[in-house]
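Q: Residue numbers (UniProt numbering): 1 to 342.
Hints are computed from structural coordinates only; laboratory data are not their basis. It is possible that some hints are incorrect.
Unchecked claim - What follows is a set of in silico ranges between Cβ atoms, one per label pair, in the way DEER data are often shown: (1) His93 x Gly220: 53 to 61 Å; (2) Asp300 x Asp327: 14 to 22 Å; (3) Arg130 x Glu224: 21 to 29 Å; (4) Ala314 x Glu129: 56 to 64 Å; (5) His102 x Leu202: 22 to 30 Å; (6) Lys186 x Ser98: 38 to 46 Å.
Heads up, the beta-carbon is just placed ideally off N, CA and C, and yes, glycines get one too.
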Amino acid sequence: MIDGLCKTGHTDMALSLFRFMEKSDCEPDTVTYSAIINSLCKRGLVDDALNLHSRMMDEGIFPDVWTYSPIIQVLCGLKRWEEVGLLLNQMIHDMKVSPDVHTFTILVDAYSKSGKLDDAKHIIQIMNERGENPDIVTYNTLIHAYCSQGQMDGALAVLNTIKSKKIMPDCYTYNILVNAYCRELKLDIAMDIYRNMASDGLSPTVVTHNILLHGLCQLGKSMEALTFFYKIQGLGHKPNIVTYETLLGGLCKNHYVDKALSLFRTIECNGLIPESKTYNIIICGCLWSKKYDRACKLVDKMVYSGFSIDAATASVLRHLLLSKAHDPTLVALYQKCLIALR
């Protein structure tokens with residue numbers, strides 16, 4: 001029952017039941033303690049979890065890997081490295097509890113996000129030495145760390161290691177690499193990696209395509225992005241609203257507002273509904289290209305849909321008003337937006 005309460009987020013009720021158990025001479029076991037410790041950690045109450053862990057030890061109840069892992073994860077997130085080291089030492093040497101792949105992956109992830117790449121690699125070395133083979137989640141974490149630091153050769157070396165160990169990369173592996181190369185504006189390499197997904201029997205996801213579309217738009221290749229969009233649609237890949245927002249932003253930025261307007265009209269045909277960000281992107285594009293009448297109609301539709309202009313659109317409007325205060329359409333549009341914000 002305590003485990004069920006903890007899993008549904010009712011930690012306080014679980015603690016009340018836990019205290020009732022103690023008073024009733026019904027001794028909590030490792031599973032009971034671990035459930036409450038895990039729940040406390042999820043709420044960020046790591047010091048309470050540590051106190052309960054100490055109390056558990058004092059009662060002669062031995063913690064297991066499920067007891068230690070959530071505490072280690074929260075301590076890592078708080079960068080309380082000294083306590084992480086002490087807890088690991090207690091876990092492995094004093095209690096003879098072996099960390100599992102999940103625990104090791106927590107450490108790899110934490111060290112990677114803190115820029116401690118050497119420590120992350122050392123953890124993987126320890127895993128291999130202890131016979132706890134890293135899985136694709138562990139390796140993805142390390143690849144992401146290399147990519148975050150711009151060490152693409154290291155990331156590719158990890159990919160080769162994965163394949164040599166007969167561990168299949170997943171879509172997330174490739175998305176990390178594609179995103180990293182797009183971020184470095186190396187679209188040719190990103191596209192090569194994208195094409196290699198098929199050789200590993202993987203189908204790109206909408207996230208993969210959105211990354212590539214964003215990369216193309218960043219390089220000012222919005223028409224190439226649009227061509228790529230129609231190509232993947234023809235292959236049966238479904239866009240999401242982020243796909244459209246990426247393309248609309250790229251087209252508007254590169255002065256293809258008419259193309260953007262045509263694309264905007266297809267959103268609902270694909271079973272999607274424009275969101276606040278979608279409207280604001282296309283309205284900004286219309287404003288910069290002096291399509292004020294079209295912007296007015298879009299604002300009407302946006303307001304009818306329950307949205308309002310954002311800070312970026314308001315800023316564009318103010319800028320245009322300062323330079324074209326005499327334009328009646330622009331003034332009317334600004335007043336309409338002000339009313340919508342009330």
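Q: All hints, please: hold or fail.
A: Hint by hint, here is what the structure shows:
no., hint, verdict
1, His93 x Gly220: 53 to 61 Å, "57 Å, holds"
2, Asp300 x Asp327: 14 to 22 Å, "18 Å, holds"
3, Arg130 x Glu224: 21 to 29 Å, "49 Å, violated"
4, Ala314 x Glu129: 56 to 64 Å, "58 Å, holds"
5, His102 x Leu202: 22 to 30 Å, "24 Å, holds"
6, Lys186 x Ser98: 38 to 46 Å, "41 Å, holds"
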